[in-house]
Amino acid sequence: MFKKYRVVVTAIALLMMTTAPAFCQAQAPPGNMPVSISVYDRTRADAWQWFAAPPESETYGYVESLLRVGIAQRVHRVDWSLELAQPSVLGLPNDAISPVSAQGQLGLGGTYYAANSNSHPAAAFLKQGFVRYHFNNGSDNDSAVRLGRFEFVEGQEMQPKNSAINWLQTNRIAHRLVGNFGFSNAQRSFDGIDAHYSSRSWDVTAMVGRADQGVVNMNGNPELNVDIQYLAFTQSALKQHVLWRVFGLGYHDGRTGITKTDNRALAVRATDHRNIRVGTYGGDFLATVPAGQGQFDFLFWGAIQNGSWGVLSHSANAVAVEGGYQPTKTARSPWLRGGWFRGSGDSNTTDGKHNTFFQVLPTPRIYARIPFYNLMNNTDEFMQVNEKPFSKLALRADLQWLQLTSNSDLWYQGGGAFDNKVFGYTGRPGNRSSSFASVADISADWQATKSVGLNFYYAHAWGKTVVRKIYPVDPNAQYGYVELVYRWGTNQRKTQN
Numbered sequence: 001m002f003k004k005y006r007v008v009v010t011a012i013a014l015l016m017m018t019t020a021p022a023f024c025q026a027q028a029p030p031g032n033m034p035v036s037i038s039v040y041d042r043t044r045a046d047a048w049q050w051f052a053a054p055p056e057s058e059t060y061g062y063v064e065s066l067l068r069v070g071i072a073q074r075v076h077r078v079d080w081s082l083e084l085a086q087p088s089v090l091g092l093p094n095d096a097i098s099p100v101s102a103q104g105q106l107g108l109g110g111t112y113y114a115a116n117s118n119s120h121p122a123a124a125f126l127k128q129g130f131v132r133y134h135f136n137n138g139s140d141n142d143s144a145v146r147l148g149r150f151e152f153v154e155g156q157e158m159q160p161k162n163s164a165i166n167w168l169q170t171n172r173i174a175h176r177l178v179g180n181f182g183f184s185n186a187q188r189s190f191d192g193i194d195a196h197y198s199s200r201s202w203d204v205t206a207m208v209g210r211a212d213q214g215v216v217n218m219n220g221n222p223e224l225n226v227d228i229q230y231l232a233f234t235q236s237a238l239k240q241h242v243l244w245r246v247f248g249l250g251y252h253d254g255r256t257g258i259t260k261t262d263n264r265a266l267a268v269r270a271t272d273h274r275n276i277r278v279g280t281y282g283g284d285f286l287a288t289v290p291a292g293q294g295q296f297d298f299l300f301w302g303a304i305q306n307g308s309w310g311v312l313s314h315s316a317n318a319v320a321v322e323g324g325y326q327p328t329k330t331a332r333s334p335w336l337r338g339g340w341f342r343g344s345g346d347s348n349t350t351d352g353k354h355n356t357f358f359q360v361l362p363t364p365r366i367y368a369r370i371p372f373y374n375l376m377n378n379t380d381e382f383m384q385v386n387e388k389p390f391s392k393l394a395l396r397a398d399l400q401w402l403q404l405t406s407n408s409d410l411w412y413q414g415g416g417a418f419d420n421k422v423f424g425y426t427g428r429p430g431n432r433s434s435s436f437a438s439v440a441d442i443s444a445d446w447q448a449t450k451s452v453g454l455n456f457y458y459a460h461a462w463g464k465t466v467v468r469k470i471y472p473v474d475p476n477a478q479y480g481y482v483e484l485v486y487r488w489g490t491n492q493r494k495t496q497n
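Using this note's numbering, the first residue of the sequence shown is number 1, and each one after it goes up by one.
Think of the hints as simulated: they come from the structure by calculation, not from any bench.
Fair warning: there could be bad hints in the mix.
[To be verified] Derived DSSO-like pairs: lysine-lysine, alpha-carbon spacing no greater than 30 angstroms straight-line:
no., residue 1, residue 2
1, 469, 392
2, 329, 421
3, 469, 353
4, 353, 161
5, 353, 464
6, 161, 450
7, 161, 388
8, 392, 161
9, 388, 450
10, 239, 392
11, 239, 388
12, 353, 239
[Unchecked claim] Here are the in silico distance ranges between beta carbons for each label pair:
no., residue 1, residue 2, range
13, 171, 143, 33 to 41 angstroms
14, 271, 233, 22 to 30 angstroms
15, 101, 298, 25 to 33 angstroms
16, 275, 334, 44 to 52 angstroms
17, 222, 452, 32 to 40 angstroms
18, 390, 122, 47 to 55 angstroms
19, 332, 420, 50 to 58 angstroms
20, 393, 336, 45 to 53 angstroms
21, 270, 334, 45 to 53 angstroms
22, 258, 432, 24 to 32 angstroms
23, 137, 265, 56 to 64 angstroms
Because the structure is a prediction, the values reported are computed rather than measured.
We put the beta carbon where it would ideally sit given N, CA and C, even for glycine.
Produce the entire structure from the sequences given, and follow the hints as far as they go.
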């Protein structure tokens, strides 16, 4: 339970008073069709109890709303799409930022407030606007090239028909390095070009783009001096019981006027005005194996990095190994899973090297459902259970045990560049400790009708030594939300949170 019930009451009241909106994407139907219209409206009431940092407020509630309205059309081999977004946040706390630098912003309420010039923000901007040419008109092979502003998610290049493989790809592979940050209120788009060359069993995807502002800054119109290049080959095999991918990702950050976030002293980082150039190379493998009354699943994901981090040379790595078992021939089918992840950290601040795994431009909330950490300098052991007691209701519960990979590095938070004035990742000192936190969370997603969904989430984090040294008064945190989602249109697409 939260420290003060009034936070929940306030959040729910704000939700009821707000007819606020959230995502849609108008996707052009095949063939020659009239213009289609689609609407996505998301309203979320959030309640936070961050790790205590008196006299600042760590317990508060606020409401986010996001409206996305799109139009699209398909004419022969060409389709086009335009989409506007209107995000706003109501009831943000003005006292959830600690003057103690290590304590910083006390949850996402403080982050939203700081990112929008200490105000309660609302804005409207062009979320997507592109033209796409299809090489195989009317074919099952979706080979196409797209130019303009669009959302891009790596790791989700194919649509597997195997439901377990599809879930694993969407929830445990995609968004690790590049995503639309769909959980945030302004989200992320790219200006650029991408292309797919596909058959029924394989896909080649290439993309070059510049990141746009957004995420927690409500004005998503401006481009950032940040660009990526991506190339991947994905293949499905063994009657879709196996899906594997190899990829390469280039990242360049030319925002030389801002201070980088790493474990060097602030005075040293402030003089480093060189660009960041990081290459990431890796792959993943998913498989399901029938066994008796159910099936086992296996997942592997790994990546290595090289390049330059300002004046430092960059070399890092990350790996994830997961597995599970799900009954498939019984009325109830709880899916039990567990796994281990390790993202490298930096153990030496003076050797001219940067060894912290860099998560690039991800959707971090998928892998850190209570958003107080990410995959950088992080070692994560977890257990998970998924259940669908009814076709329209999905339940999930997770237990996680978190460590800092290097106790000489930082506790990192964030999801990459979203503004030309701040770096996009924050870091708090590890203080020579590795014991970080334990987390338990639950969620329930109910698709009440084709157009209306109701989602619930609650998490509790028990801070360990790393957290206790920064927040000694109360090293525990809680976060929860209730979310109403409405979709309308000829072609509705579910967004990833």
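Right, here's what the structure says about each hint:
Of the supplied pair hints, the one linking residue 469 and residue 392 is violated, its CA atoms being roughly 44 angstroms apart against a limit of 30 angstroms. With a C-alpha separation of about 54 angstroms, the suggested pairing of residue 329 with residue 421 is violated against the 30 angstroms cut-off. Pair hint residue 469 plus residue 353 holds up; C-alpha atoms about 27 angstroms apart against a cutoff of 30 angstroms. For the given pair, residue 353 sits about 44 angstroms from residue 161 by alpha-carbon distance, which is inconsistent with the 30 angstroms threshold.
With a CA separation close to 28 angstroms, the supplied pair residue 353 and residue 464 stays within the 30 angstroms bound. Of the pairs offered as hints, the one joining residue 161 and residue 450 holds, with about 21 angstroms between alpha carbons and a cut-off of 30 angstroms not exceeded. A hinted pair counts as satisfied when its Cα atoms are at most 30 angstroms apart, and residue 161 with residue 388 qualifies at roughly 18 angstroms. About 19 angstroms separates the Cα atoms of residue 392 and residue 161, which keeps this hinted pair within 30 angstroms; it holds.
Simply put, residue 388 and residue 450 have alpha-carbon atoms about 17 angstroms apart, close enough for the 30 angstroms limit, and the pair holds. For the hint linking residue 239 to residue 392, the alpha-carbon distance of about 27 angstroms falls within 30 angstroms, and the restraint holds. With a C-alpha separation of about 25 angstroms, the suggested pair residue 239 and residue 388 falls inside the 30 angstroms cut-off, and the hint holds. Proximity of residue 353 to residue 239 is assessed by CA-CA distance (about 45 angstroms); at most 30 angstroms being required, the pair is judged violated.
Our hint of 33 to 41 angstroms for residue 171 and residue 143 is violated, since their Cβ atoms are close to 27 angstroms apart. At roughly 41 angstroms, the beta-carbon separation of residue 271 and residue 233 lies outside the given 22 to 30 angstroms, and the hint is violated. At roughly 43 angstroms, the beta-carbon separation of residue 101 and residue 298 lies outside the given 25 to 33 angstroms, and the hint is violated. The hinted range of 44 to 52 angstroms is satisfied by residue 275 and residue 334, whose Cβ atoms lie roughly 48 angstroms apart.
The hint said 32 to 40 angstroms for the Cβ distance between residue 222 and residue 452, and at roughly 34 angstroms that hint holds. Taken as a hint, the range 47 to 55 angstroms is violated for the pair residue 390 and residue 122, whose Cβ atoms sit roughly 37 angstroms apart. With their beta carbons about 51 angstroms apart, residue 332 and residue 420 fall inside the hinted range of 50 to 58 angstroms. Range check, residue 393 to residue 336: Cβ separation about 18 angstroms, and the 45 to 53 angstroms hint is violated.
At about 52 angstroms, the CB distance of residue 270 to residue 334 agrees with the hint of 45 to 53 angstroms. At roughly 28 angstroms, the beta carbons of residue 258 and residue 432 sit within the given window of 24 to 32 angstroms. Take residue 137 and residue 265: their Cβ atoms lie about 59 angstroms apart, and the range 56 to 64 angstroms holds.
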